[in-house]
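Line by line, the protein sequences give chains H and R. Each residue of the first sequence is one higher than the one before, counting from 656 in my numbering. Each residue of the second sequence is one higher than the one before, counting from 76 in my numbering.
In short, the hints are calculated from the structure, not lab data. Using N, Cα and C, we set each Cβ at its ideal position, and we do this for glycine too. Do not take every clue at face value.
Quick list of in silico lysine to any residue cross-link-like pairs, SDA-like style, CA-CA up to 25 Å [claimed, not checked]:
id : chain 1 : residue 1 : chain 2 : residue 2
1  : H       : K735      : H       : E695
2  : H       : K735      : R       : L89
3  : H       : K916      : H       : G859
4  : H       : K852      : H       : Q823
5  : H       : K818      : R       : D93
6  : H       : K852      : H       : K735
7  : H       : K916      : H       : T854
8  : H       : K852      : H       : V872
9  : H       : K818      : H       : T926
10 : H       : K916      : R       : E97
11 : H       : K852      : H       : A812
12 : H       : K735      : R       : E97
Ranges between beta-carbon positions, derived for each pair [said to hold, decoys possible]:
id : chain 1 : residue 1 : chain 2 : residue 2 : range
13 : R       : E97       : H       : A723      : 22 to 30 Å
14 : R       : E97       : H       : A734      : 27 to 35 Å
15 : R       : E97       : H       : Y840      : 41 to 49 Å
16 : H       : E695      : R       : E97       : 46 to 54 Å
17 : H       : G890      : R       : E97       : 21 to 29 Å
18 : H       : G833      : R       : E97       : 53 to 61 Å
19 : H       : P724      : R       : E97       : 18 to 26 Å
20 : H       : G798      : R       : E97       : 48 to 56 Å
21 : R       : E97       : H       : E847      : 19 to 27 Å
22 : H       : G837      : R       : E97       : 45 to 53 Å
23 : R       : E97       : H       : E836      : 22 to 30 Å
24 : H       : R760      : R       : E97       : 24 to 32 Å
25 : H       : A786      : R       : E97       : 19 to 27 Å
Among chain H residues calculated to face chain R with C-beta under 10 Å, some are [to be verified]:
id : residue
26 : L736
27 : F768
28 : Y840
29 : K852
30 : W933
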Amino acid sequence: MERDEDRPGAGARNGGGSQGGGEASYVYAVVEVRDVPIPEMLPCAGVIGAPVYAVASQGLAAIVSPVAPEVFSAEALEAKLHELTWVAANAMAHQEVLAWLLTRRYTIAPVRFGTLCSDPDHVRTVLTRHAQHFVQTLGRVEGATEWGLKLSCDGHAVAEWAKSRNVQAGRMTGGVVGMSEGAAYFAHKQLEQRVRKETAHLLGAHARDLHTRLSSVARAAVTHPVPAGGVRRDGPTVLLHAAYLVADASVEAFHAAVCTKPGPGAPPGITCETTGPWPPYNFVNTVLEELG
Amino acid sequence: MTGRAFEDDDVTLLELLDRALEKGVVLWGDVTVSVADVDLIYVGLKVLVSSVETATRMRQPLTASTLSGPLAGHS
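Pulled out of the complex, with its shape left as it was, chain H reads as follows:
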């Protein structure tokens, strides 16, 4: 638990005191530094409050922190990943370092949380061995940032709306007057099903339309699976969960497209949330082969 005291930002910047012997390198990102020089030490605190350094090689630099390898060993992490405050604080610290780079317009390939190299020499070997791959990856994301999008609808609002449509539709079809109880029940169920189908269709059409617009503005797009099973009645349902790689010059156009309203006749309670700018996590998602 004492690690929680070491939260980044808690002022503990002395983690580098025993640099060298026995310390692994926690890797945050690989950065293009041919055109933009990078300081040897970055003025931010990293995971578990450790200092942050740049290890440069061939126009690239890896951003790293010296950490005790046992803190990020597979067993230690397995346990730590269940400590929510630890995960949140250190994922934030990881993000903080990337945000520092992002706001200074470095082109960055973010590395997955919890990645260790055995020492700075190992880091240099990785950079050298995979230089071509990193240069290609960085070229793809240069001058762009990632934006996250979640389009969802409020199940309760949609259900209420569907109910009112049921009533309307019921009136239009002459209602259930004169039907037997069983037939009326059947007619009602059929109607309900039809409205539910129409609703799902309208929501799906809006999600697809929005995604098409955003994709045309973005340099690249990735969609994440959304829960199957249609609109939940008791809470929000995610209709579209996606990430977009947006060139700096297109950010305004992207936000304008985000504000696209659902077409006439669409259900109420649709919300669209964006987050960003993020480092391009979703667009550097490659696995490099093991070092021979």
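Fit chain R to the known structure of chain H by using the hints.
Below, chain R alone, put in the same frame as chain H:
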């Protein structure tokens, strides 16, 4: 900067974990973390971030540096 980005702490934290723990370059053979239990973490996190105190504490580092940079002016 409008309030559009990062206006919801829950969303932001979950989005961050979605990325930091599941995306990004993987240096195969060097990665020590393999997150099989992300869903489990999320369930707990939802409880965690529902505490206003925690949410406020978490929002600061993200908004302070992520939104004050040059990129923040775009939207």
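Verification of the hints:
At most 25 Å may separate the alpha-carbon atoms for a hinted pair to count; H/K735 and H/E695 exceed this at roughly 30 Å. As the CA atoms of H/K735 and R/L89 are separated by approximately 17 Å, the hinted pair is consistent with the 25 Å bound. For the hint linking H/K916 to H/G859, the alpha-carbon distance of about 14 Å falls within 25 Å, and the restraint holds. A threshold of 25 Å between alpha carbons decides the hint, and for H/K852 with H/Q823 the separation of about 16 Å falls inside it, so the pair holds.
Proposed proximity of H/K818 and R/D93 is contradicted: the alpha carbons are some 36 Å apart, above 25 Å. Among the hinted pairs, H/K852 with H/K735 is inconsistent with the structure: their alpha-carbon atoms are about 45 Å apart, more than 25 Å. Restraint check for H/K916 and H/T854: satisfied, since their Cα atoms lie roughly 16 Å apart, inside the 25 Å limit. For the hint pairing H/K852 with H/V872, the CA-to-CA distance comes to about 31 Å; that exceeds 25 Å, so the pair is violated.
Under the criterion of a C-alpha separation no larger than 25 Å, the hint pairing H/K818 with H/T926 is consistent with the structure, at around 20 Å. Distance hint between H/K916 and R/E97 is unfulfilled; the C-alpha atoms sit about 31 Å from each other, more than 25 Å. Of the pairs offered as hints, the one joining H/K852 and H/A812 holds, with about 16 Å between alpha carbons and a cut-off of 25 Å not exceeded. For the suggested pair H/K735 and R/E97, the alpha carbons sit about 16 Å apart, so the restraint of at most 25 Å is met.
Range check, R/E97 to H/A723: about 25 Å between beta-carbon atoms, so the 22 to 30 Å window is met. At roughly 19 Å, the beta carbons of R/E97 and H/A734 sit outside the given window of 27 to 35 Å. Distance hint for R/E97 and H/Y840: a CB-CB separation of about 47 Å, consistent with the stated range 41 to 49 Å. A hinted range of 46 to 54 Å is violated for the C-beta pair H/E695 and R/E97, which are about 31 Å apart.
For H/G890 and R/E97, the hinted distance range of 21 to 29 Å is satisfied, since their beta carbons lie about 24 Å from each other. Restraint check, H/G833 to R/E97: a C-beta distance of roughly 58 Å satisfies the suggested window 53 to 61 Å. Checked against the hint of 18 to 26 Å, the C-beta distance between H/P724 and R/E97 comes to roughly 23 Å, which is consistent with it. With their beta carbons about 25 Å apart, H/G798 and R/E97 fall outside the hinted range of 48 to 56 Å.
Between R/E97 and H/E847 the CB atoms are about 38 Å apart, so this pair departs from the stated range of 19 to 27 Å. For H/G837 and R/E97, the Cβ-Cβ distance of about 51 Å falls inside the hinted range of 45 to 53 Å, so the restraint holds. At roughly 53 Å, the beta-carbon separation of R/E97 and H/E836 lies outside the given 22 to 30 Å, and the hint is violated. The hint said 24 to 32 Å for the Cβ distance between H/R760 and R/E97, and at roughly 26 Å that hint holds.
The hint said 19 to 27 Å for the Cβ distance between H/A786 and R/E97, and at roughly 26 Å that hint holds. Below 10 Å, beta-carbon pairs count as interface contacts, and H/L736 has one with chain R at about 6 Å; its hint therefore holds. With a least beta-carbon distance of about 4 Å to chain R, the hint placing H/F768 at the interface is held under the 10 Å criterion. For H/Y840, the suggested interface contact is broken, since its CB lies about 39 Å from the closest CB of chain R, more than 10 Å.
Hint status for H/K852: violated, given a least beta-carbon distance of 30 Å to chain R, over 10 Å. Taking 10 Å as the C-beta cut-off, the interface hint given for H/W933 holds, the closest approach to chain R being about 6 Å.
Violated hints, listed in ascending order, are 1, 5, 6, 8, 10, 14, 16, 20, 21, 23, 28 and 29; each of the other numbered hints is respected by the structure.
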